[in-house]
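Chains as they are written, first to last, in the working numbering: chain A, 13 to 194; chain B, 13 to 177.
Simulated from the structure, these hints should not be mistaken for laboratory data. For every residue, glycine included, the Cβ atom is placed at its ideal position computed from N, Cα and C. Check before you lean on any hint, since a few could be wrong.
[Unchecked claim] A short, non-exhaustive set of chain A residues, derived as facing chain B with CB atoms under 7 Å:
{"#": "1", "residue": "59"}
{"#": "2", "residue": "72"}
{"#": "3", "residue": "76"}
{"#": "4", "residue": "85"}
{"#": "5", "residue": "113"}
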Amino acid sequence: MLPQTVPIHRLTIDDVMAMEKAGILDEDARLELVDGVLVEMMAPGPQHGGALEWLATHFYKGLGDAYRVRVQDTFVTPGRNFLLPDLMVIEPLPRDRLPDSALLIVEVAYTSRARDVEKSETYAAVGVAEYWIVDVDRDDVLVHRAPRAGAYTSVERSMPGDVIAPLIDVPPVNVAALLGRA
Amino acid sequence: MVAAGILDEGARLELVDGVLVELSPIGPRHGDVLEWLTVHFVKASGDGFRVRVQDMLLTPGGGFVQPDLLVFEPIARGRQPSTALLVVEVSDSALARDHEKAATYAAAGVLEYWIADVDSDELLVHRKPCDCAYTSIERFVAGDTVAPIVEAPPVDVSALLSRAD
Numbered sequence: 013m014l015p016q017t018v019p020i021h022r023l024t025i026d027d028v029m030a031m032e033k034a035g036i037l038d039e040d041a042r043l044e045l046v047d048g049v050l051v052e053m054m055a056p057g058p059q060h061g062g063a064l065e066w067l068a069t070h071f072y073k074g075l076g077d078a079y080r081v082r083v084q085d086t087f088v089t090p091g092r093n094f095l096l097p098d099l100m101v102i103e104p105l106p107r108d109r110l111p112d113s114a115l116l117i118v119e120v121a122y123t124s125r126a127r128d129v130e131k132s133e134t135y136a137a138v139g140v141a142e143y144w145i146v147d148v149d150r151d152d153v154l155v156h157r158a159p160r161a162g163a164y165t166s167v168e169r170s171m172p173g174d175v176i177a178p179l180i181d182v183p184p185v186n187v188a189a190l191l192g193r194a
Numbered sequence: 013m014v015a016a017g018i019l020d021e022g023a024r025l026e027l028v029d030g031v032l033v034e035l036s037p038i039g040p041r042h043g044d045v046l047e048w049l050t051v052h053f054v055k056a057s058g059d060g061f062r063v064r065v066q067d068m069l070l071t072p073g074g075g076f077v078q079p080d081l082l083v084f085e086p087i088a089r090g091r092q093p094s095t096a097l098l099v100v101e102v103s104d105s106a107l108a109r110d111h112e113k114a115a116t117y118a119a120a121g122v123l124e125y126w127i128a129d130v131d132s133d134e135l136l137v138h139r140k141p142c143d144c145a146y147t148s149i150e151r152f153v154a155g156d157t158v159a160p161i162v163e164a165p166p167v168d169v170s171a172l173l174s175r176a177d
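Next up, chain A with everything else stripped away, as it sits in the complex (with noise of 0.2 Å):
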């Protein structure tokens, strides 16, 4: 572990990007910047990708025309940072540029839900008005509402059985069907 004391160089995401285009870094790996360091996303497990399949298709099948939806994308951070949430809804943005506020980011967690956690940190700061982390180990759903000075002050769980009305006009989300149970 490096001591607090050592200066990191720290990148942006303009760095990355151009390591990517240079061939240095494999634009298939899977990396996110968090305070200028590159951390690796693990690789998905099995349940990781049916849950993700579900949300994408309920979100891109009931969203009209006013927001988008992104699978695995770029959102900016602070810092000139990065991460890629598993699902994010945005409002449209001109091409060529990546967003950095969403209305709602889903996180499907595997196996450890605390990187998760430490987003959702992240993710007030920057005003995402929700925020789910969806534990398909644990068969349950972690909704964050209501950012206020970097933090979410509403959380609840909710599990099969339940059903979740997202904030934004889309229909609600069955958590059974999410987790596979129904």
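For this one, chain A is given, so just place chain B on it according to the hints.
Chain B alone, transformed into the frame defined by chain A:
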């Protein structure tokens, strides 16, 4: 600076807070084109086929690849597909690698493999896999429409690769 030859006149640049920023072809257009494809195929999905984005396709030998778009016949929950009806890669910088992947996808029995090349603005359609190669490859450009192997509306290449909002 362009006139003085300091900057390449082909460079895609913008000025943000007084700093010159290069508009990278990676990221923004990749996301837009992938989103267009996802919307197009998800809307037609259902009992006939399912759609996944950047999810695992299992390969022989215990490995996996993560194609941008995977269109496959429905499988049981908790299973990962090991073949597909259609795979699409949106390519901006690693076109050579996306070409190399054709062998992997053909060997996995993926019936159709598309490369959406956002730099050259063309769609390469690989069909008829035979062992490790596709025996039919066709190139489409703006103005063409392509009928996918799955039951979904034809793809308008101009709309897919559009650079407009």
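What hints, given by number in increasing order, does this structure fail?
Per hint list: 3, 5 violated.
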